[in-house]
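Asker: Each chain, written out:
2 protein chains.
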Amino acid sequence: MMLPFARVTIVGLGLIGSSIARGVRSTMPTVRVTGYDADPDVRATAVRIDLCDDVADSAGAAVIDADLVVLCVPVGAMGAVAAEFAADLPGDAIVSDVGGSKESVIAALRAVLPDATIVPGHPVAGTEHSGPESGFATLFRGRWCILTPEDATPEAAVVRLRSFWEALGANVEIMTPRHHDLVLAVTSHVPHLIAYSIVGTASDLEEVTQGEVIKYSAGGFRDFTRIAASDPTMWRDVFLNNREAVLEILQRLTEDVTMLQRAIRWGDGDALFDLFTRTRAIRRSIIEQGQDDPAPDFGRSHQ
Amino acid sequence: MMLPFARVTIVGLGLIGSSIARGVRSTMPTVRVTGYDADPDVRATAVRIDLCDDVADSAGAAVIDADLVVLCVPVGAMGAVAAEFAADLPGDAIVSDVGGSKESVIAALRAVLPDATIVPGHPVAGTEHSGPESGFATLFRGRWCILTPEDATPEAAVVRLRSFWEALGANVEIMTPRHHDLVLAVTSHVPHLIAYSIVGTASDLEEVTQGEVIKYSAGGFRDFTRIAASDPTMWRDVFLNNREAVLEILQRLTEDVTMLQRAIRWGDGDALFDLFTRTRAIRRSIIEQGQDDPAPDFGRSHQ
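Going line by line, the protein sequences match chains A and B.
Using the UniProt record's numbering, the letters of the first sequence correspond one by one to residues 1 to 303.
Using the UniProt record's numbering, the letters of the second sequence correspond one by one to residues 1 to 303.
These are computed hints drawn from the structure, not numbers from a lab.
Careful: at least some of the hints might be erroneous.
[What the hints assert, rightly or not] Chain B residues, not near chain A, derived (Cβ > 10 Å throughout): (1) R25; (2) V31; (3) D39; (4) D57; (5) G91; (6) A116.
[To be verified] Only some residues are given here: those of chain A computed to face chain B with a beta carbon under 8 Å: (7) A38; (8) A125; (9) S197; (10) F221; (11) L253; (12) G269; (13) I282.
Because the structure is a prediction, the values reported are computed rather than measured.
Don't be surprised by glycine CBs; every beta carbon is placed ideally from N, CA and C.
I would like the entire structure built from these sequences, with the hints used as guidance.
Answerer: This is how it looks when you write it as structure tokens:
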């Protein structure tokens with residue numbers, strides 16, 4: 001296989017950045033991986049665990065001979081970090097990112113890198129853990145990575161980035177930034193917001209103690225706590241940067257919850273039963289398409 | 001160990017009933033287990049997979065020599081099935097159940113079994129799978145089982161039922177039916193309702209296809225589909241039978257979601273960040289107390 005890139009720089013060495021680093025080393029071992037993180041402790045950890053071939057001391061030094069730069073920082077920090085390395089970016093490098101919102105990221109990057117070849121991306125994968133030690137090479141395997149090129153983006157750049165993600169084991173889909181933001185509002189952002197919210201509501205009750213919430217969490221609540229343990233900075237930025245789509249989907253959800261609330265109040269069992277039957281089919285499809293574990297309870301161990 | 005019961009009858013051979021049967025056979029092999037289910041196909045399956053020592057053809061025949069009868073049917077069916085065996089119930093038998101709402105179940109059972117010794121129970125455990133073949137002996141291990149005896153219930157009956165659940169590996173807690181119903185509304189019922197709702201909302205959108213929702217579900221959505229694949233009849237009955245508590249918690253949640261919606265609309269990143277930080281601590285406690293898997297992503301396999 002002809003490798004799409006020879007020198008890859010990863011800016012931001014958290015869960016996703018460190019997983020890309022490990023994935024490249026595992027599937028494209030001849031590629032040189034340079035890493036950078038604004039946090040000196042993270043850089044020191046990256047050196048200690050031998051995450052990259054080289055850990056640079058500044059964003060500029062990190063990109064200076066890269067042919068691919070992947071920004072793996074919270075979406076609110078994309079513009080600032082790109083501005084830091086703008087002067088050092090080689091003219092033929094491709095700049096990409098892994099941010100959870102795309103319209104805002106494109107605007108932020110374009111503002112500071114007016115002439116660069118930018119192919120925004122978003123691998124739809126992750127765990128609730130954060131930091132350079134939480135990454136692993138197979139995180140993207142069988143998951144989807146969405147690329148949202150601009151109209152003027154050279155096709156060859158998109159093809160190279162597609163090959164890169166496919167080498168990491170991902171399936172690649174192309175769509176507009178706007179559609180991406182709506183799709184992710186449904187499949188990721190609103191689910192996270194609701195999970196955070198329900199965990200917050202449960203811990204604020206007067207009549208039920210936090211100890212009780214924890215003890216009896218196996219009744220369903222614990223499922224929500226996983227994604228409500230995701231990185232706070234990353235998620236704050238996603239909500240602030242995909243505001244319109246999140247508010248639109250949230251409005252839909254609120255209407256649907258109100259309908260269920262009314263069905264419960266009026267004892268309309270058929271309305272509840274119909275919905276509860278319909279939702280089973282969706283999980284079946286998700287499992288059939290390899291997007292979740294078929295084992296009961298997510299395959300959690302039961303001793 | 002002195003066994004608390006010698007002849008246990010399980011009425012309703014779904015996930016929970018079949019897990020109790022398997023648990024008894026594994027931890028209390030000298031106990032005779034009799035099973036009954038209103039569905040002849042389920043009875044035939046129970047015989048085929050050798051779930052019990054004996055599968056009876058009627059509820060009456062099932063209980064006739066029992067010293068413990070555990071009702072494992074949807075909460076809306078408790079009264080009817082108890083009425084079926086009322087005439088055959090031995091005077092010294094203890095009747096219990098595993099229903100997810102307790103005030104309504106006590107009222108339903110007391111109406112048809114006015115003189116029986118009733119100790120209502122609720123093991124807070126389960127998976128999204130249903131039916132006699134989905135049960136397993138270790139389902140209750142390390143989970144909590146809540147007993148909600150009435151004031152007049154003999155202490156000895158509560159002690160025996162506690163020993164039974166402890167033998168199955170559960171921890172036992174005693175509380176009032178009313179408090180149980182509120183605690184479970186928070187930790188189980190409202191989470192299920194929201195999961196069902198969010199899956200329904202996602203599948204009804206015009207601008208995002210169901211295919212897209214499935215493909216990109218690893219961004220968080222798939223976590224909700226697990227509990228939204230739970231048994232529709234069981235859950236319809238829970239909502240109809242724990243109406244007040246569910247509506248109260250749902251109202252709280254709606255207020256909290258509205259607050260977050262407003263924070264997003266007005267760009268109040270600090271409010272989002274504060275909540276997202278607070279919720280991490282709860283997951284940590286759940287894992288520390290052994291109520292969830294510490295492995296990232298619930299321990300799902302990543303190939």
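Asker: Would you mind marking each hint as holding or not holding in the structure?
Answerer: Now the hints, each set against the structure:
1. R25: holds (16 Å)
2. V31: Label holds. Min Cβ-Cβ 21 Å, cutoff 10 Å.
3. D39: Given a closest Cβ separation of 17 Å, the condition holds.
4. D57: Its Cβ never comes within 10 Å of chain A, the nearest being 28 Å, so this holds.
5. G91: holds (34 Å)
6. A116: holds (27 Å)
7. A38: violated (18 Å)
8. A125: This interface hint holds because 6 Å falls under the 8 Å limit.
9. S197: Cβ of A:S197 sits 5 Å from chain B, so the hint holds.
10. F221: It holds, given that the least Cβ distance between A:F221 and chain B is near 4 Å, below 8 Å.
11. L253: holds (5 Å)
12. G269: Holds, because the Cβ-Cβ distance from A:G269 to chain B comes to roughly 5 Å (cut-off 8 Å).
13. I282: Since chain B brings a Cβ to about 6 Å from A:I282, closer than 8 Å, the hint holds.
The structure is inconsistent with hint 7 alone, although it conforms to all the rest.
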